[in-house]
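Line order of the protein sequences matches chains C and E.
Okay, so the first sequence: first residue is 1 according to our numbering, each after it adds one.
Okay, so the second sequence: first residue is 1 according to our numbering, each after it adds one.
Honestly, the hints are just simulated from the structure, not real lab data.
The model shown is predicted, which means the values in this text are computed figures rather than measured ones.
Do not rely on the hints blindly, as some may be mistaken.
Label pairs and their calculated CB-CB ranges [said to hold, decoys possible]:
| no. | chain 1 | residue 1 | chain 2 | residue 2 | range |
| --- | --- | --- | --- | --- | --- |
| 1 | E | Gly20 | C | Lys46 | 39 to 45 angstroms |
| 2 | E | Ile17 | C | Gln36 | 27 to 33 angstroms |
| 3 | E | Ile21 | C | Val15 | 23 to 29 angstroms |
| 4 | C | Lys46 | E | Trp9 | 25 to 31 angstroms |
| 5 | E | Asp6 | C | Thr40 | 20 to 26 angstroms |
All C-beta atoms in this analysis are idealised placements derived from N, C-alpha and C, irrespective of residue type, glycine included.
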Amino acid sequence: MLPGIYRWIHILAGVMWIGLLYYFNFVQVAALKAAQADSTAAGITKHVAPRALLFFRWAAVATWLAGAALLGAHFVPAFTFQAGWEKIGMGAWLGTIMLINVWALIWPNQKKILGLVQASDQEKNKARRVAFLTSRVNTMLSIPMLFFMVAQSHIGT
Amino acid sequence: MKNPLDSLWGTVIAGLILTGILYYVVKSLIGG
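Can you build the whole structure from these sequences, using the hints too?
Next up, the structure:
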């Protein structure tokens with residue numbers, strides 16, 4: 001019963017995390033560019049982005065914790081690629097790198113961009129580039145990550 | 001050279017290529 005609940009939470013939170021990641025990359029980046037051209041960007045940066053980032057970063061934590069709980073005693077075998085755990089191990093490593101990217105790179109830089117912490121214009125420009133590229137890296141990593149999450153039980157090698 | 005991650009399609013294609021590479025990494029770990 002408990003593993004089923006962990007799996008359920010893992011998928012629910014994962015949909016929210018990766019859904020918002022795809023929203024940022026597939027929708028918001030282009031929308032902001034267009035909004036800046038007609039001076040309506042504040043609607044996104046003030047009202048949408050902070051809320052999206054709140055759910056995004058905490059969904060990332062919930063996804064990882066539920067995934068770790070789901071692995072349970074297989075946590076170490078998965079992360080050390082022991083026999084039978086190679087595929088989910090790869091997915092788990094990719095997800096872990098993505099979680100670290102969210103909290104160590106995306107969120108601290110977004111705080112500067114959104115004005116939640118003080119930063120000079122030069123620091124903001126640098127933060128924009130770092131947050132953007134890290135978000136793109138996570139989008140790239142999400143593709144193999146989801147493949148290996150599914151591969152453990154559904155795809156042979 | 002332009003960074004492929006600057007474009008959305010570049011990011012998706014890089015992800016697909018990475019999936020292929022990691023597939024063979026895992027396959028070699030399994031010993032297949």
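Taking the numbered hints from earlier one at a time, note which ones the structure violates and give those numbers from smallest to largest. none
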